[in-house]
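Engineer: One letter stands for each residue in the lines below.
There are 2 protein chains.
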Amino acid sequence: MLAGDPRAVARALSLVEDDDPAGASVLRAIFSKTGRARLIGITGPPGAGKSTLVDRLTREIRKEGKTVGVIAVDPSSPFTGGAVLGDRVRMGRHFSDPGVFIRSMATRGNHGGLARTTGDAALILDAAGKDTIIIETVGVGQGEVDIAGTADVSIVVLVPTSGDEVQALKAGVMEIADVFVVNQADRDGADRLVQTIAANQALRTAGPEEWCPPIVKTIATTGEGIMELRAAIARFQAHSAPTLGGRTRKRQEYRLRELLSHRFLQRLERVLPAGELGRVIDRITAREIDPDTAAAELIDRALGTLDRSPVPDPRPE
Amino acid sequence: MLAGDPRAVARALSLVEDDDPAGASVLRAIFSKTGRARLIGITGPPGAGKSTLVDRLTREIRKEGKTVGVIAVDPSSPFTGGAVLGDRVRMGRHFSDPGVFIRSMATRGNHGGLARTTGDAALILDAAGKDTIIIETVGVGQGEVDIAGTADVSIVVLVPTSGDEVQALKAGVMEIADVFVVNQADRDGADRLVQTIAANQALRTAGPEEWCPPIVKTIATTGEGIMELRAAIARFQAHSAPTLGGRTRKRQEYRLRELLSHRFLQRLERVLPAGELGRVIDRITAREIDPDTAAAELIDRALGTLDRSPVPDPRPE
Numbered sequence: 047m048l049a050g051d052p053r054a055v056a057r058a059l060s061l062v063e064d065d066d067p068a069g070a071s072v073l074r075a076i077f078s079k080t081g082r083a084r085l086i087g088i089t090g091p092p093g094a095g096k097s098t099l100v101d102r103l104t105r106e107i108r109k110e111g112k113t114v115g116v117i118a119v120d121p122s123s124p125f126t127g128g129a130v131l132g133d134r135v136r137m138g139r140h141f142s143d144p145g146v147f148i149r150s151m152a153t154r155g156n157h158g159g160l161a162r163t164t165g166d167a168a169l170i171l172d173a174a175g176k177d178t179i180i181i182e183t184v185g186v187g188q189g190e191v192d193i194a195g196t197a198d199v200s201i202v203v204l205v206p207t208s209g210d211e212v213q214a215l216k217a218g219v220m221e222i223a224d225v226f227v228v229n230q231a232d233r234d235g236a237d238r239l240v241q242t243i244a245a246n247q248a249l250r251t252a253g254p255e256e257w258c259p260p261i262v263k264t265i266a267t268t269g270e271g272i273m274e275l276r277a278a279i280a281r282f283q284a285h286s287a288p289t290l291g292g293r294t295r296k297r298q299e300y301r302l303r304e305l306l307s308h309r310f311l312q313r314l315e316r317v318l319p320a321g322e323l324g325r326v327i328d329r330i331t332a333r334e335i336d337p338d339t340a341a342a343e344l345i346d347r348a349l350g351t352l353d354r355s356p357v358p359d360p361r362p363e
Numbered sequence: 047m048l049a050g051d052p053r054a055v056a057r058a059l060s061l062v063e064d065d066d067p068a069g070a071s072v073l074r075a076i077f078s079k080t081g082r083a084r085l086i087g088i089t090g091p092p093g094a095g096k097s098t099l100v101d102r103l104t105r106e107i108r109k110e111g112k113t114v115g116v117i118a119v120d121p122s123s124p125f126t127g128g129a130v131l132g133d134r135v136r137m138g139r140h141f142s143d144p145g146v147f148i149r150s151m152a153t154r155g156n157h158g159g160l161a162r163t164t165g166d167a168a169l170i171l172d173a174a175g176k177d178t179i180i181i182e183t184v185g186v187g188q189g190e191v192d193i194a195g196t197a198d199v200s201i202v203v204l205v206p207t208s209g210d211e212v213q214a215l216k217a218g219v220m221e222i223a224d225v226f227v228v229n230q231a232d233r234d235g236a237d238r239l240v241q242t243i244a245a246n247q248a249l250r251t252a253g254p255e256e257w258c259p260p261i262v263k264t265i266a267t268t269g270e271g272i273m274e275l276r277a278a279i280a281r282f283q284a285h286s287a288p289t290l291g292g293r294t295r296k297r298q299e300y301r302l303r304e305l306l307s308h309r310f311l312q313r314l315e316r317v318l319p320a321g322e323l324g325r326v327i328d329r330i331t332a333r334e335i336d337p338d339t340a341a342a343e344l345i346d347r348a349l350g351t352l353d354r355s356p357v358p359d360p361r362p363e
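Quick note, the sequences are listed as chains U and S, same order. Everything in the first sequence is counted per our numbering, starting at 47 for the first residue and increasing by one. Everything in the second sequence is counted per our numbering, starting at 47 for the first residue and increasing by one.
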């Protein structure tokens, strides 16, 4: 996997996706080999042409001789089975290029674990030697926005909408943008959209040394504007180099919190007598106990009395 | 608040939205008064006309003399400030009707807490005496789909798309539908969309006693089809009455898990020496320790040795 063998990488990705304990072992083993790749997050509403844009951007980055890994969260398929089919369609152009690895993440039933799984997948592609990792999400769900927002560079893709329709984007999406893309820029309303974004930016008080997210017009289907987008990304990377550590740290904090929640719940279920969690849920459903009190009791039982006094660090620094 | 005073309800909602400890106290105090309201989840892609549909459905339910609470998750505003403005626009028609309470939930920065906050808000409206609570989410994020999917009735709204565009919906959205709505049914492609949904349903092997989600055509702007939608909801409610407990229980389980994660992290930060979590994140960022090992160590320190042997139940049943 560390040598970048695509089948080994695919297997490792499946392990973390399935939350298999072997996946956790792989991640522990490779973690010290990670931290080299640059992460690009791309988000925007469904139908904004993100996949095509990612495809074009991948080719542009490949021209520089860099390898690329793509993680597509939410394959935006109306019916199930979209992920696998999506990968095939997406791979198409890069099929014979060993420098590109594309993976759609199945997120079904992945209660709140989206950020963790995506983060793990990025670590695997990082360890497998990919220079740039592009994470594509649909910018409507909070989890999806969070994922894109903790990348080294966050790109928000918008498209001109017809008539009076307001582009449906989650509040908070605009704030994460390091670079804006107005895709399908040949459509009516593209200039109006650029002006709207610019007007919104002007409302925020930005210091002279602060980064003002550029607005890049693209037509992903023809490739127009992709070089400009690549240049804008590079400019932001250069600008943000001194503060890159802060982003990386924020990403690590987010992942650690997710892992803590996840592992604590696993432990709790192991610690409790069989069926106990189910009995507590029954009592909540019967309104015999409220969820907050139940949660506090369960945690108390797991934590014992340790909660009342600070735990001394076994290895003081 | 229990008397349904709108200002008291609004204040309680703000407390849970801000994750204020007083909000948790309110929820503990009112929990035994909840469980009476019926929850309707409505989800679908941005621009599907969900708000208008919710507005029409609210009026239809009001005609039956029932009170309605609406929780709109993700106000789909391209810029910040949309939630408050959205409430005013939404309230418009129901402004003078004390039997309707509408609230948009601000979800910005609400890392993974969306389901918890929405569930808490539903409890407050339930305790405040609302007979029916409609939760509207954008069906693209996983969290948003989960929320709609744990309601007593889940409605998936779709709209005909132009040309070859595939409607961008999260895989997993189709599976949660108890009722499908094809909104903007006067548009080209409406019948094609109905057929596509029906064809997809036929692929699944449904037993004769199993519920086959009806497909209701609506034009929310004119109100066409809303009575049929209301009837379809009532039919599902009658059909699902024997198994309603299972849904309620699933929802309680989901909320308990969220609460356990959330409260455990709060406790952990209190238990650890000041700045310890930050130091661990620094070590992860420096690749001195991997996140999984770090999480295990932190939980070990919190749990002490209790993890190794099952904790006896202090109050055996």
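There could be a bad hint or two in this list.
A pair holds if it fits inside one copy or across any two, identical chains being indistinguishable in the list.
List time: in silico SDA-like cross-link candidates among lysine to any residue, alpha-carbon distance up to 20 Å [stated by the list, open to error]:
(1) 296 to 261
(2) 296 to 332
(3) 296 to 308
(4) 296 to 335
(5) 296 to 338
(6) 296 to 82
(7) 112 to 309
(8) 296 to 325
(9) 112 to 261
(10) 79 to 331
(11) 79 to 338
(12) 296 to 322
(13) 79 to 299
(14) 296 to 333
(15) 112 to 277
(16) 296 to 324
(17) 296 to 329
(18) 296 to 54
(19) 263 to 313
(20) 296 to 315
(21) 79 to 333
(22) 109 to 54
(23) 112 to 144
(24) 112 to 64
(25) 79 to 112
Don't read these hints as lab results, they were simulated from the structure.
Engineer: Under a CA distance limit of 20 Å, which applies to residue 79 and residue 333: within one copy, between copies, both, or neither?
Structural biologist: Between. Shortest inter-copy distance 8 Å satisfies the 20 Å Cα cut-off; intra-copy 50 Å does not.
Engineer: My question is about residue 112 and residue 261: at a cut-off of 20 Å on alpha-carbon distance, are they close within one copy, between copies, both, or neither?
Structural biologist: neither (25 Å within a copy, 49 Å between copies)
Engineer: Within a copy, between copies, both or neither: where do residue 296 and residue 315 come within 20 Å Cα-Cα?
Structural biologist: between (29 Å within a copy, 17 Å between copies)
Engineer: Could you figure out if residue 79 and residue 112 sit no more than 20 Å apart (CA to CA) within one copy, between two copies, both or neither?
Structural biologist: within (18 Å within a copy, 60 Å between copies)
Engineer: Taking 20 Å as the upper bound on the Cα-Cα distance, should residue 296 and residue 325 be classified as within, between, both, or neither?
Structural biologist: Between copies only: 13 Å across, 38 Å inside.
Engineer: Can you tell me if residue 79 and residue 338 fall within 20 Å by alpha carbon in one copy, between copies, both or neither?
Structural biologist: This pair counts as between: shortest inter-copy Cα distance 15 Å, intra-copy 41 Å.
Engineer: Evaluate residue 296 and residue 82 at a C-alpha cut-off of 20 Å and name the case that applies: within, between, both or neither.
Structural biologist: This pair counts as within: shortest intra-copy Cα distance 16 Å, inter-copy 42 Å.
Engineer: Classify it for me, residue 296 with residue 333: is the Cα-Cα distance of at most 20 Å met within a copy, between copies, both or neither?
Structural biologist: Classified as between: cross-chain Cα gap 14 Å, same-chain 39 Å, threshold 20 Å.
Engineer: Have a look at residue 296 and residue 329 and pick one of within, between, both or neither, based on CA distance no larger than 20 Å.
Structural biologist: between (38 Å within a copy, 13 Å between copies)
Engineer: Evaluate residue 296 and residue 261 at a C-alpha cut-off of 20 Å and name the case that applies: within, between, both or neither.
Structural biologist: neither (25 Å within a copy, 45 Å between copies)
Engineer: Given identical chains, is residue 112 near residue 277, meaning Cα to Cα at most 20 Å, within a copy, between copies, both, or neither?
Structural biologist: within (15 Å within a copy, 58 Å between copies)
Engineer: Please work out whether the CA atoms of residue 296 and residue 338 approach to 20 Å or closer within one copy, between two copies, in both situations, or in neither?
Structural biologist: Answer is between; shortest inter-copy Cα gap is 16 Å, intra-copy 29 Å.
Checked against the numbered hints above, the structure breaks hints 1, 7, 9, 18, 19, 22 and 24 and satisfies the rest.
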